[in-house]
Every structure is written in structure tokens, then in C-alpha cells.
Amino acid sequence: MATNRRPSKQMLRLLDALSATPREWRHGYDIMKETGLLSGTLYPLLMRMTDQGLVEAEWREPAQPGRPPRHAYRLTAQGLALARETAGERRVSGFKEVPV
Amino acid sequence: MTAKLAWAVMTLAEACLGDRRRDWALAMQAEFEVAIDDGRPLGFAVGCLTGAVRDMPKHVEGRFALTSHAIALALFPIVALLMLGVASGFPFLPSGHAGLSGWLAGQSEPMALLTPWNRNFAPALALLIWALIAGHLLMPWFVLERDWTRVATLARVNAAATVTLLLFTSVLFLDPAFMVLPVLGLAIELSAIWLLYQWQTRLFEGAPPGALGA
Numbered sequence: 001m002a003t004n005r006r007p008s009k010q011m012l013r014l015l016d017a018l019s020a021t022p023r024e025w026r027h028g029y030d031i032m033k034e035t036g037l038l039s040g041t042l043y044p045l046l047m048r049m050t051d052q053g054l055v056e057a058e059w060r061e062p063a064q065p066g067r068p069p070r071h072a073y074r075l076t077a078q079g080l081a082l083a084r085e086t087a088g089e090r091r092v093s094g095f096k097e098v099p100v
Numbered sequence: 001m002t003a004k005l006a007w008a009v010m011t012l013a014e015a016c017l018g019d020r021r022r023d024w025a026l027a028m029q030a031e032f033e034v035a036i037d038d039g040r041p042l043g044f045a046v047g048c049l050t051g052a053v054r055d056m057p058k059h060v061e062g063r064f065a066l067t068s069h070a071i072a073l074a075l076f077p078i079v080a081l082l083m084l085g086v087a088s089g090f091p092f093l094p095s096g097h098a099g100l101s102g103w104l105a106g107q108s109e110p111m112a113l114l115t116p117w118n119r120n121f122a123p124a125l126a127l128l129i130w131a132l133i134a135g136h137l138l139m140p141w142f143v144l145e146r147d148w149t150r151v152a153t154l155a156r157v158n159a160a161a162t163v164t165l166l167l168f169t170s171v172l173f174l175d176p177a178f179m180v181l182p183v184l185g186l187a188i189e190l191s192a193i194w195l196l197y198q199w200q201t202r203l204f205e206g207a208p209p210g211a212l213g214a
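Protein sequence lines, in the order shown, are assigned to chains A and B. The numbering of the first sequence is my numbering, which starts it at 1 and goes up by one. The numbering of the second sequence is my numbering, which starts it at 1 and goes up by one.
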């Protein structure tokens with residue numbers, strides 16, 4: 001269930017990062033490093049976007065043995081559509097363009 | 001030290017996320033290990049805690065947890081007021097003509113409330129009032145643990161102690177005004193706990209055995 005509210009600057013930044021490689025699953029910490037968002041901003045955003053059906057999450061086996069499985073994220077079709085819709089806004093804000 | 005603090009903060013964040021966000025808590029925990037490798041565990045953990053706390057009012061389970069903590073904290077002033085009452089002489093000495101402010105300033109001239117014929121009751125009264133204070137002091141912990149059996153037992157003990165104190169006060173012809181504070185404190189405590197219990201019963205209705213709060 002997506003909202004009609006205008007996406008926040010942080011959400012635009014996240015959309016920008018996730019839409020750069022839309023088919024790739026990304027880990028939370030890597031997204032933090034790439035977007036510069038702090039965990040206190042990123043996780044509530046990911047939770048909200050997942051609730052709204054914009055982002056999908058999946059458990060992935062860890063690369064290192066003995067580590068717990070990690071959550072990975074990518075945009076859903078709905079999230080990708082939103083990323084395309086907000087491409088103009090992100091360009092104005094200085095973000096990269098979304099590959100379509 | 002920083003690592004231990006970060007672990008503690010992370011545990012708190014997981015607890016704040018509750019059952020509804022269990023998956024997210026595990027996801028944060030997995031990334032926390034990456035943050036440790038990266039040398040930034042505390043910043044990551046504090047961020048997770050901030051996010052978890054901000055998420056709490058958005059769902060009923062979180063609102064229930066926040067209300068439980070608010071009620072538990074609100075019970076402490078009752079204990080503080082009772083202790084202040086004891087410190088000012090209750091139930092043995094009135095605060096004197098200068099009142100409580102005078103007593104605090106050391107200007108009051110307290111007179112003995114107990115007379116020679118009822119002075120033997122002093123130890124029993126002292127024990128009762130301190131038992132009541134201890135009872136009120138334990139209550140917030142049991143409420144936060146959602147240990148309703150203990151809460152119910154303690155509520156009965158507190159009520160019995162207050163009623164006994166009230167009876168002593170009447171039988172010994174002490175000023176009944178002294179009982180306003182303990183009775184009011186007990187009434188507030190029991191009402192708040194009853195409302196919280198009713199809310200939890202509705203909230204976890206149909207929850208499987210062993211689920212949090214069920």
C-alpha cells in the first residue's frame with residue numbers, strides 16, 4: 001500500500017541507490033555506506049517502504065561461515081515505478097539518474 | 001567497554017521492536033556484526049535504537065509497551081510521597097504548626113501523635129507503613145515483567161496493608177487526614193494496573209501460548 005505523500009530527501013536517496021542496480025539484492029550496511037544514511041534513518045525507512053510494498057526483503061546466507069543470515073533488499077516493481085516517477089526530483093537534488 | 005555498551009544498546013533496540021518486527025530485529029543484529037568489523041558498533045546500535053523507539057508509537061504493541069513503562073514510572077512518585085510522609089513523622093508525629101515546608105526548613109515543632117496508651121502500636125504501624133512502601137516499590141517491576149499473578153498478589157497485600165493502616169488510624173483516634181495519601185496512591189495504582197491488564201488481555205487475545213504477554 002503506497003502513500004501519496006511526497007517522498008522525503010532520505011527516501012529519494014534510498015530510491016536512487018536501490019534503483020541503480022534494480023535486480024541486485026543489497027545489504028543494509030552496504031546501503032548505509034553508499035547513501036550516507038544512518039541506521040536510525042535507514043531502517044525505519046526500509047520498514048515503511050517494505051510495509052508499503054515498495055521494497056522487498058529476503059534472507060540471504062552469510063558470506064562468512066558462523067555468521068547469521070543477512071537481510072537483503074531490492075525495489076519491487078512498484079518501488080521501481082516510484083523511482084522512475086521521482087527521477088526528475090532526484091536530478092534536481094543532484095542524485096544520479098535511474099536506468100530504465 | 002564501547003563494544004559491551006553497543007551490545008546493550010542493540011539488545012534494547014531489539015526489545016523495543018517487539019514480536020511484530022522480530023525479522024527486522026534479526027536483520028539489524030546481523031548488520032551489527034558487520035558494523036563491529038567496520039569499527040562502528042556503537043553508532044550503528046544507537047541508530048537502531050532510535051529507529052526502534054520511533055517505530056513504537058506506530059503500532060499497538062509498541063504503544064502498549066510505552067504505556068506500561070509510563071505507568072511503571074508514574075508509580076514511583078507514590079512511593080516517594082509515602083516516604084516523604086514517613087520522613088515528616090507519619091504516622092507518629094504531625095509535621096507541627098509550620099507544616100511540611102516548616103519541617104523541611106527545620107522550623108516545625110512536632111508534637112507526639114501517639115499517646116502513652118497507644119504508644120505500643122508504634123512498631124506495628126512502622127512495619128505496616130514500610131511494608132506498604134516496599135509493596136508500591138516492587139509493583140512497577142512486576143508490571144513491566146507482565147507477571148500478573150505477582151501483580152495481583154501484591155495488589156492484595158498493598159490493599160490489605162492500607163486498610164489495616166486505616167483501621168489502626170481510626171481505632172487509635174489518629175488524624176484520618178494522614179490516610180488520604182496512602183488511600184489515594186493505592187486507588188491510582190490499582191486503577192492504572194487494571195486498565196493496563198484489560199488492554200493487554202484484548203491485545204493478546206488469541207495469541208499462541210508462550211507469545212509475549214499471552
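In short, the hints are calculated from the structure, not lab data. You may find that some hints are simply not true.
Residues of chain A clear of chain B, computed beta-carbon distances all greater than 12 Å [said to hold, decoys possible]:
hint, residue
1, K9
2, T21
3, K33
4, G40
5, L42
6, G53
7, G66
8, P69
9, R70
10, A72
11, T76
12, L80
13, E85
14, T86
15, G88
Here are some chain B residues pointing at chain A (derived, C-beta under 10 Å) [stated by the list, open to error]:
hint, residue
16, D19
17, A27
18, F32
19, E33
20, G43
21, A52
22, V60
23, E61
24, R150
From the three backbone atoms N, C-alpha and C, an ideal C-beta is built for every residue, glycine too.
How the hints compare with the structure:
1. Remark: the non-interface label on K9 of chain A is consistent with the geometry, its nearest Cβ contact in chain B lying 17 Å away (cut-off 12 Å).
2. Chain B leaves T21 of chain A outside its interface by the beta-carbon criterion, the shortest separation being 19 Å against a cut-off of 12 Å.
3. Listed as a non-interface residue, K33 of chain A fails to keep its Cβ farther than 12 Å from every Cβ of chain B; the least gap is roughly 8 Å.
4. For G40 of chain A, the condition that its CB be more than 12 Å from all CB atoms of chain B is violated, with the nearest at approximately 3 Å.
5. The claim that L42 of chain A is not at the interface with chain B is violated, since a C-beta of that chain comes within 12 Å of its own (minimum 8 Å).
6. The non-interface label for G53 of chain A is consistent with chain B: the shortest C-beta to C-beta separation is roughly 16 Å, beyond 12 Å.
7. A beta-carbon of chain B comes within 12 Å of the beta-carbon of G66 of chain A; the shortest separation is about 10 Å.
8. With a minimum CB-CB distance of about 7 Å to chain B, P69 of chain A fails to clear the 12 Å threshold, and the non-interface call is violated.
9. Separation of R70 of chain A from chain B is inadequate, the least Cβ-Cβ distance of about 5 Å not exceeding the 12 Å criterion.
10. Non-interface call for A72 of chain A relative to chain B: violated, since the shortest CB-CB distance, roughly 9 Å, does not exceed 12 Å.
11. Here T76 of chain A stays apart from chain B, with its beta-carbon at least about 17 Å from theirs, past the 12 Å limit.
12. Non-interface status of L80 of chain A relative to chain B is upheld: no Cβ of that chain comes within 12 Å, the nearest being about 22 Å off.
13. With a least beta-carbon separation of about 25 Å from chain B, E85 of chain A lies farther than 12 Å from that chain, consistent with its non-interface assignment.
14. Even its closest Cβ contact with chain B, about 23 Å, leaves T86 of chain A beyond 12 Å, as expected for a residue assigned away from the interface.
15. Separation of G88 of chain A from chain B is adequate, the least Cβ-Cβ distance of about 29 Å exceeding the 12 Å criterion.
16. With 10 Å as the threshold, the beta carbon of D19 of chain B stays out of range of chain A, its nearest partner Cβ sitting at about 14 Å, so the hint is violated.
17. The interface hint given for A27 of chain B is met, as the beta carbon of that residue sits about 3 Å from the closest beta carbon of chain A, less than 10 Å.
18. For F32 of chain B, the shortest C-beta to C-beta distance to chain A is roughly 9 Å, which falls under 10 Å, so the interface hint holds.
19. With a cut of 10 Å, the hint placing E33 of chain B at the interface with chain A holds, because the nearest CB-to-CB distance is about 6 Å.
20. The interface hint given for G43 of chain B holds, since its Cβ lies 7 Å from the closest Cβ of chain A, which is under the 10 Å cut-off.
21. With a least beta-carbon distance of about 8 Å to chain A, the hint placing A52 of chain B at the interface is held under the 10 Å criterion.
22. The interface hint given for V60 of chain B is broken, as the beta carbon of that residue sits about 15 Å from the closest beta carbon of chain A, more than 10 Å.
23. This hint is violated: E61 of chain B has a C-beta 14 Å from the nearest C-beta of chain A, more than the 10 Å allowed.
24. A hinted interface residue such as R150 of chain B counts as satisfied when its beta carbon comes closer than 10 Å to some beta carbon of chain A; here the least separation is about 34 Å, so the hint is violated.
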